[in-house]
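The listed protein sequences derive, respectively, from chains B, R and H. For the first sequence, my numbering gives the first residue as 1, with consecutive numbering after it. For the second sequence, my numbering gives the first residue as 1001, with consecutive numbering after it. For the third sequence, my numbering gives the first residue as 2001, with consecutive numbering after it.
Incorrect hints may have been included.
What the hints assert, rightly or not - Which stretches of chain R does chain B cover? Using the computed rule of at least three CB atoms under 8 angstroms from a CB of chain B, they are:
| hint | stretch |
| --- | --- |
| 1 | 1019-1028 |
| 2 | 1046-1055 |
Stated by the list, open to error - List of simulated lysine to any residue pairs, SDA-like, C-alpha gap at most 25 angstroms:
| hint | chain 1 | residue 1 | chain 2 | residue 2 |
| --- | --- | --- | --- | --- |
| 3 | B | K324 | B | Y2 |
| 4 | B | K39 | B | L62 |
| 5 | B | K230 | H | C2066 |
| 6 | B | K88 | R | D1022 |
| 7 | H | K2068 | B | A176 |
| 8 | R | K1061 | H | S2044 |
| 9 | H | K2148 | B | I238 |
| 10 | H | K2150 | B | D155 |
| 11 | H | K2052 | H | S2035 |
| 12 | B | K153 | H | G2394 |
| 13 | B | K39 | H | H2256 |
| 14 | B | K344 | B | P312 |
| 15 | H | K2148 | B | D235 |
| 16 | H | K2145 | B | D235 |
| 17 | B | K123 | H | R2272 |
| 18 | R | K1070 | H | H2256 |
| 19 | H | K2145 | B | K39 |
| 20 | H | K2043 | B | K333 |
| 21 | H | K2150 | B | L246 |
| 22 | B | K5 | B | D155 |
| 23 | B | K181 | H | E2126 |
| 24 | B | K88 | H | N2122 |
| 25 | B | K333 | H | L2123 |
| 26 | R | K1007 | B | P44 |
The set of hints was computed from the structure by calculation and includes no laboratory data. Just so it is clear, the structure is predicted and the values come from calculations on it, not from any experiment. Glycine residues also receive a C-beta, built at the ideal position from the N, C-alpha and C atoms.
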Amino acid sequence: MYIIKTSCISPQKTHDGSYANDIISYNGNKYNAIEPDYKGLIRPAQLRRMGKTIRMGIGAGLPILQDIERVDGIILASSEGGLEDCIKFLNQIVDYDEGSLTPTNFVQSTPNALAGNLALMSKCQAYNMTHVHRGGAMENALLDALLLFEEKKADLLLLGNVEEISDYNFNIETLAGQFKKEEVTSDALLNSQTPGTVCGEGSSMFLLSNNPDNALAEIMDVAQVSFPHKEDILDFIIGFLSRNLLSPEDIDTIIIGKNGDVRTDFWYDYVCDELFQSQNQYSFKNIVGEYPTSIAFATHFACELLAGKDAPEETIIREINAPKNILIYNHFKGEQHGVILIRK
Amino acid sequence: MDKEQIKKELIQHIIEYLNLSDYTTEDITDDMPLFGDSGLELDSIDSLELTVMLEREFGVKITNPTEGRKILVDVNSMADFIIANKEKADK
Amino acid sequence: MNIFVTGLGCISPLGFNLKENLAQLRAEQDGLVRSEYLESRYKSEKFYGEVKMDTSSLLDRINVSCKKGLTRTDALAFVAFDEAINHAGLTKTEVESHDTAFISASTVGGMCLTDELYRDANLNTETSEYSGSYNCAAHTLRITKEYKIKGITNTINTACSSSANAIMLGLKLIRSGRVKRAIVGGADSLAKYTVNGFNALQILSDKKCTPFDSERDGLNLGEGAAYIVLEAEEACLSKEKYARLLGAGNTNDAFHTSSMSDTADGVTACIRQALQDGGMAENDIDYINAHGTGTQNNDQVELTGFSNVFKSIPPFSSTKSYTGHTLGAAGSLEAIYSILSIKHNEIYPSLRVSNAIAGFDVSPVAGYTNDITINTVLSNSYGFGGNCTSLLFGKV
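One chain only, chain B, in its complex shape (with noise of 0.2 angstroms):
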């Protein structure tokens, strides 16, 4: 399976590729996407009812669909879908104490609004589907799509993710604990020694085919597991190198998810020290933030990486040679637990 075109909408500048010489420092928890200008791409009758999830997807999924006659299908991660429309229409029921409620936050805050936008804005008739597998969405989604073209029966895909910051998710995950209590810069997060994380949104999305022409890298394989004992996560791994006849010495260079937060980055460390001791190593969520299929960020990431762009200096953490055979590794809450095997 086969990258062909890659679009985000971040906390980067990276709908315009100008991110990588202009990182932008980030301090607190919450690391807002830095949002093209729609119009010209988006019609402004349609845009009136998008909510900022549907938005952004758009807003990446249609430059990559410009161009394309047609996708034979299109596929979604998303833990949470438009929860900025969630809680306009919670607050409507209370508010208003179900009386006459106005429909169109319902109809968008569904998961898998976004797809069907999509669908309609393409005219796409064909296969439409959305994972929500909260921290597992993505790496489904990419299964979805493998399982689709080896049963020939697709060419095309576009196939993406979409997250956002909305009250709704930043105050549920704060009751959680899942983000930091003190303060802390985008440059620290990383090293900060404390519990918690911060918060992050964007979409990323893939205009993926079966022919590797004109490609920009190739998905190899794509694995999760949930819940696993630590002793079990160096067997997942070696075990899924070793199914696409991989030893990690075959791995020039790993992306982890590494958050920040000290009460599951030892996943990272652990992996790192006892398979992948001398490869590329870079990080992530210090540019973009936590969120659950953040694992589509680095997608992108590789994709440019493999293109032969160099990485911000925020994002390395051991920069040896040029990246030719990646792994990305990332988990959410240290409870689902994802690879990508990319490559050239």
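Position chains R and H against the provided structure of chain B, taking the given hints into account.
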């Protein structure tokens, strides 16, 4: 409240409820079609939004969709409906 | 490759297990009531397909190590999941094996706790046992943790077609050889949130719903959970098998966010895809378990789709006339009813239908029918965002 005043408020509320950020109050005329292939080109969800708007902002209720189609034609017809219902309520 | 259904588990307005559901279906007894447990001002104004037990008693029925933070959706999911794996005779080793996938679906998730959600989302509290419970994947993750599932796990939300898509993904995973079996289905519970959402769209009926009747005026919301165990032939050689999952189709209508096109593009393409995927012709279909929500738009469009595909429309019915629309559980619950139709050669009717929809000379099956042979069943599910899914089941 006279009809001109009602129409003025209606237009403001239409823009607000439907989030028509690219329209100003001058852009929406009294006889501009709300639905269909010209004018504002609204759809079925918008008609539900407008029904709720009439109830919340003007205290008038559209009871069935067939009636709604006759009322939600343009700003004029909505204003007439509000006036007729206010009169009914006053009597 | 032959893929068999080897286990079924469900909890619905018709009963707490498979056996109770079957008895109610045969007796033409719907489960639609004024709500007893829903906290909403509409609880006595509308009819609901409610599971007839309060949440705390439901939680008492399940055997879980820690019940903190569990919601009604979770409880329903646990009950049906447990029945399905026991029905299939899966051992603990099999459930925990990397060869077993678990794919669930939900649209409401923990939002059944609408008031708690409002409280937590607005930070009107300092602690909450439910902070991890609202997400659509919460029930999947709780089950995964409790049953120590190590294989592929997933949660789908494509609105009302969610659990039909979970079944389709299970089929694809087994076909690909990545797993030998998949436990697939979905769960949803009644929530103030969805009741108000559907009410705002003006598609809730005040009466018991009448899918495919000319006078239909909307749907009833329901709740439940349903899981089926799919196994590759090699994994279930000596087991009892209830049906085969032959194929599936998924398309998008690409017409409107919350209604379907008059021409039924998505519905038509999706049925054709399922037939092709399952290697069946249109005249092989013996019965269609329709999506049949009872709204003006859905039933009209679905019938248009049938007319587009079938020269002669096979017997069809909507079991939502029994259960109401159970949203994320609907696809898998109706898959189970379809499998029961095949297993027992019977059709569970559309209840309360008096007149055919104008423009179509066909009516749904209106009474319990058991003097026929059912070899192949098509089960349809459609959701907001234009999502259309059809599943094709066949006799063993």
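Here's how the hints hold up against the structure:
1. 1019-1028: holds (count 4)
2. 1046-1055: Per the Cβ count (6), the hint holds.
3. B:K324 - B:Y2: Holds, at about 15 angstroms.
4. B:K39 - B:L62: holds (12 angstroms)
5. B:K230 - H:C2066: It holds: about 22 angstroms lies between the C-alpha atoms, which stays within 25 angstroms.
6. B:K88 - R:D1022: holds (22 angstroms)
7. H:K2068 - B:A176: OK: H:K2068 and B:A176 at ~14 angstroms, within 25 angstroms.
8. R:K1061 - H:S2044: This hinted pair holds, its Cα atoms lying about 22 angstroms apart.
9. H:K2148 - B:I238: Roughly 21 angstroms separates the two Cα atoms, so the pair holds.
10. H:K2150 - B:D155: It is violated: about 31 angstroms lies between the C-alpha atoms, which goes past 25 angstroms.
11. H:K2052 - H:S2035: Status holds; Cα separation ~9 angstroms.
12. B:K153 - H:G2394: Satisfied, since the Cα-Cα distance of roughly 23 angstroms is no more than 25 angstroms.
13. B:K39 - H:H2256: Status holds; Cα separation ~22 angstroms.
14. B:K344 - B:P312: holds (20 angstroms)
15. H:K2148 - B:D235: Given pair H:K2148, B:D235 holds - Cα atoms ~17 angstroms apart, limit 25 angstroms.
16. H:K2145 - B:D235: Holds - the C-alpha atoms of B:D235 and H:K2145 are around 19 angstroms apart, at most 25 angstroms.
17. B:K123 - H:R2272: holds (19 angstroms)
18. R:K1070 - H:H2256: holds (23 angstroms)
19. H:K2145 - B:K39: It is violated: about 46 angstroms lies between the C-alpha atoms, which goes past 25 angstroms.
20. H:K2043 - B:K333: violated (38 angstroms)
21. H:K2150 - B:L246: It holds: about 22 angstroms lies between the C-alpha atoms, which stays within 25 angstroms.
22. B:K5 - B:D155: holds (14 angstroms)
23. B:K181 - H:E2126: At roughly 14 angstroms apart (the allowed maximum being 25 angstroms), H:E2126 and B:K181 satisfy the hint.
24. B:K88 - H:N2122: The given pair, whose Cα atoms are some 11 angstroms apart, holds under the 25 angstroms limit.
25. B:K333 - H:L2123: Measuring from Cα to Cα gives roughly 21 angstroms; hence the hint holds.
26. R:K1007 - B:P44: holds (24 angstroms)
In this structure, the earlier hints numbered 10, 19 and 20 are contradicted, and the remaining ones agree with it.
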